[in-house]
Amino acid sequence: MTAGAVQRTKAVTRWVGLAALVTTGLTVWLGLWVTPPAKVQGTLARLLYIHPPIAWVALYCAFGVAALSSLLYLWRRTRSLFWDRLGASAVEVGVIFTALTLVTGSLWGRPTWGVWWTWTARLTSTALLLVLFLGYLALRRVPAAPEVRARRSAVAALVAFVDVPIVSFSVDWWQTLHQRGTVLNPGLTLKVHGSMAWTMGLGFLAMTLVFVWMVMVRYRIEALADQVGDEELEISLSERWAEGDGPAPAPPRVPEPAGGGR
Amino acid sequence: MWRDALLVASKDVRIELRSRVALWQVLPFAVLVLVLFGFALGPGPATLRSAAPGLYWLAVLFSTVLATQRSVAIESGEGTRDGLRLSGIDPGGVFLGKAAAVALQLVAVQVLLGAGLVVLFGVRLEAWWLALVASVLATIGLSAAGVLYGALSAGLRVRETLLPLLVLPIVAPVLIAGSRAWSAAVSGAVGPGTSWLKILGPFAAVYVAVGIGLYGPLQETS
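Protein sequence lines, in the order shown, are assigned to chains V and A.
Those letters in the first sequence? Residues 1 to 262, by this note's numbering.
Those letters in the second sequence? Residues 1 to 222, by this note's numbering.
Hints in this document: simulated from the structure, not taken from any laboratory.
Hints are not guaranteed to be accurate.
Stated by the list, open to error - What follows is a list of derived Cβ distance ranges for each label pair: (1) A:T80 / V:T78: 29 to 37 Å; (2) V:R76 / A:D82: 16 to 24 Å; (3) A:Q25 / V:R79: 48 to 56 Å; (4) A:S76 / V:R79: 45 to 53 Å; (5) V:R79 / A:W2: 48 to 56 Å; (6) V:D226 / A:A189: 51 to 59 Å; (7) A:F39 / V:R79: 23 to 31 Å; (8) V:L107 / A:A46: 35 to 43 Å; (9) V:P143 / A:L86: 19 to 27 Å; (10) A:V111 / V:L137: 33 to 41 Å.
Unchecked claim - Chain A side only, calculated, beta carbon under 7 Å to chain V, not exhaustive: (11) V13; (12) A100; (13) L104; (14) V107; (15) A108; (16) L166; (17) I170; (18) L197; (19) I199; (20) F203; (21) A205; (22) V210; (23) G213; (24) L214; (25) P217.
Cβ coordinates follow ideal geometry from the N, Cα and C atoms, glycine included.
For reference, chain A alone in the conformation it holds in the complex (with noise of 0.2 Å):
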């Protein structure tokens, strides 16, 4: 399975090298998010830097959404489904893959927003560790539960539209947890900081399990 999925992985990633489309698209995006908020909240920079932490996590909640399109669309054309499919690669291997190219991508979004809060919000990371931590748990997760719904959306019409509504509410702890623990890493309170990981964790694990459980039977439908 691990083999597998570093095939897929860097399958998806040699892609996405040669298109350019996160680079192009999902980056900007995410840096045209934070500004757009900076244009909504005004330019006070207190308010900026108390806003901060949770701009950043509905920016890169946003980016997930559309690294999972992409992470989708990249299997839709010309049977590559099918073709994944008979590969004969185990069906949790194409799902881990598929969640760590995104999850790169996710962590190239990460670092240009982190830059873009210290640019633009003026905002001092205290306990930059646990910032990094939160990030990564947040990671892991966001992209497993983003490709197991993209792969539930695979194939419909109605994706670009479905994927969202499905996928946002779900996410609703990172973004609560990851907030909360990036306002402590601001604040530098690191004490009730670390008791949001308790959250992105278990996030994180549930989902990359229930992925590697349930991609099987998602790959067989449509």
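Chain V with its partners taken away, still in its complex shape (with noise of 0.2 Å):
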């Protein structure tokens, strides 16, 4: 990246940032001063405000963006360690969010049906999605060349998307057919309008805005690690080379990390 596509990336980020800031702050102001209690479930209504963007940003926004760039980077006419990094990224944000997905849920789940977790299709369904992407992870931290790492986290990410579909219907099955009638969702049949429609809409613009720039500052230090990672083997490589030469020549000049730092 040329150093101007560089600074405009940074500005961009920044702005962002900036965005996903104020509109969580609104959210957050609106949700818990501004907004009224609902009439059946009090002030625990207000993590509607928050719990619904944060599964969406994790379950469509997150593993959609890495499904994505993962088959982009194994078509060969688009690969590019660029459609990796988002996908690493992507993934890395959406497992944070998938916690945080569990965590609302449940600290919602406690007062509402008095157990922090049931066993309902949507709840282990989550559950399995996050131990999925935490093998991502994991195999994304075995150390590898780039491509090697790439290529391998790909078919991963694939292969478990895959499985995205499968899982949610099994555990649908298993669970209507294993424990019928305990199904209740009230969170989802609850109705929402006014300032409180309003507040959710915010809530679903600032979680996505906090995933955007989220992302962008992940995409940007894997960026700089592979780049400090090519710097250091430069280096090692130069000095080796000195070893044997002798009177050591000077080392080849390493370019500044951009953006790195700074």
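Fit chain to chain and form the complex, with the hints in mind.
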């Protein structure tokens, strides 16, 4: 990437971050102070302003982006490490959001259902999804050449993604056949209107912006880490050459890491 | 592709027949799991009988991990992976062959486990054909998913710890559908039982197809 492009990307990242901060702040303000407590659930319904948006980001944005970029990486004509880094960043952020989905859902479930956890289809398949993508992250942490790792990760992400509908189907059936009649999800049948609807919409926007911002930052970290790895290799190579050649020639000038640390 | 698959499968099976790893390690392990579950649940026959289908499938899942690890291990020494890649054998064929060899071992495991259920847990299958169809479909799915992930983790030093983490969540639907189908087969409720085949069948088909498609790119790595 040219220096200009790097600067531009950094500026965009900063603006997205700012927008995420503002919208999140607004959601918190509207959600905690402006909106009235709900009729049935009281103040508990305020979790509605963040829980569905977080789940939306985790289940659709993050893993959708991850699957798409893995596919684009594996397809020869669009193969580039860009897609690999994008997919990895999306999964990493997605795993955090999935965990947050479970945590916020649990916080809401305890007072509403009386338990932290119930084996409903939705909860179970979300938990399985979390474990699936933790496996992806574990695979990524195994040291390998960037291309090897990229291909491996792309395949793993796709294989995991193919599993998602099967998992949700089977868990759905398992749940309905196993413990019929305990499906209760008042959160989804709750009537939302007026300022509450606005706040919830804002929550969706805020969480999506947070997601975009986190992925952008994570992408840059990934790119910089690759770059530093390459430079370290160059430096140690030149040092080894110097050992063999007697008087050491000047090591090749290493370019400044673009956009890093400044 | 099919001829290549047969070649690879017969190679793997021949290695297995000579090394007897499945016979002396995987099969005893599967039985051990059953016995340990028995200890954990206590000797009440009613509890054991109702838990038996789930335990059976858990034991099969663990055995799948072991069999898959073994299947990868026989390709890891002395550049055998390169040999296989250079032999001009179709990657889809390699995948199918290795999956078939794993499937064969899983069949042996399941025969033994089924006998274990009857002897140790006092289970009687009312609809044995349902259990049989479920097992066949699940075996295809398990061995395909297992070999696919085995290839993914091949050549990694952390393979032993990574593979279970990758494979087990993926095959969770098989555990669910397999256990439910077997429960139905034990209780004789064939109607709801057969609907679980609608998960086992597509699972097997999807992972065989994905494996044939993606095994090539995976073989090129590392």
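Hint-by-hint comparison with the structure:
The given range of 29 to 37 Å is respected by T80 of chain A and T78 of chain V, whose C-beta atoms sit roughly 33 Å from each other. Between R76 of chain V and D82 of chain A the Cβ separation comes to about 23 Å, which falls inside the hinted range of 16 to 24 Å. The hinted range of 48 to 56 Å is not satisfied by Q25 of chain A and R79 of chain V, whose Cβ atoms lie roughly 41 Å apart. Remark: the range hint 45 to 53 Å for S76 of chain A to R79 of chain V is contradicted by a beta-carbon distance near 27 Å.
Distance hint for R79 of chain V and W2 of chain A: a CB-CB separation of about 30 Å, inconsistent with the stated range 48 to 56 Å. Between D226 of chain V and A189 of chain A the CB atoms are about 56 Å apart, so this pair conforms to the stated range of 51 to 59 Å. Look at F39 of chain A against R79 of chain V: about 52 Å separates their beta carbons, and that is not inside 23 to 31 Å. Here the CB-CB span from L107 of chain V to A46 of chain A is close to 38 Å, well matched to the stated 35 to 43 Å.
Taking 19 to 27 Å as the suggested C-beta distance range, the pair P143 of chain V and L86 of chain A conforms, at roughly 26 Å. V111 of chain A and L137 of chain V have their C-beta atoms about 38 Å apart, which keeps the hinted 33 to 41 Å range intact. The closest approach between the C-beta of V13 of chain A and any C-beta of chain V is roughly 26 Å, which is over the 7 Å cut-off, so the hint fails. Hint status for A100 of chain A relative to chain V: violated, with the closest Cβ pair at about 19 Å, above 7 Å.
Annotation: interface hint on L104 of chain A violated; nearest CB of chain V at approximately 23 Å, more than 7 Å. Using the Cβ-Cβ criterion of 7 Å, the hint placing V107 of chain A at the interface with chain V is not satisfied: the shortest such distance is roughly 23 Å. Given hint, A108 of chain A at the interface with chain V, is violated; its Cβ is 26 Å from that chain's nearest Cβ, farther than 7 Å. Taking 7 Å as the C-beta cut-off, the interface hint given for L166 of chain A holds, the closest approach to chain V being about 4 Å.
The beta carbon of I170 of chain A comes within 5 Å of a beta carbon in chain V, closer than 7 Å, and the hint placing it at the interface holds. At its closest, the beta carbon of L197 of chain A sits 12 Å from a beta carbon of chain V; the interface hint therefore is violated under the 7 Å criterion. Against a cut-off of 7 Å between C-beta atoms, the interface hint on I199 of chain A holds, since the closest Cβ of chain V lies about 5 Å away. At about 6 Å, the closest approach between the beta carbon of F203 of chain A and any beta carbon in chain V falls short of 7 Å, and the interface hint on this residue holds.
Interface restraint check: A205 of chain A against chain V, minimum CB-CB distance 11 Å, threshold 7 Å, status violated. Among the interface hints, the one on V210 of chain A holds; its C-beta lies about 6 Å from the nearest C-beta in chain V, closer than the 7 Å criterion. Violation of the interface hint for G213 of chain A is found here, the shortest Cβ-Cβ separation to chain V being roughly 10 Å, above the 7 Å cut-off. For L214 of chain A, the shortest C-beta to C-beta distance to chain V is roughly 5 Å, which falls under 7 Å, so the interface hint holds.
Evaluation of the P217 of chain A hint against chain V yields a held restraint, the C-beta minimum of about 6 Å falling below 7 Å.
Of the hints listed earlier, those the structure fails to meet are numbers 3, 4, 5, 7, 11, 12, 13, 14, 15, 18, 21, 23, in rising order.
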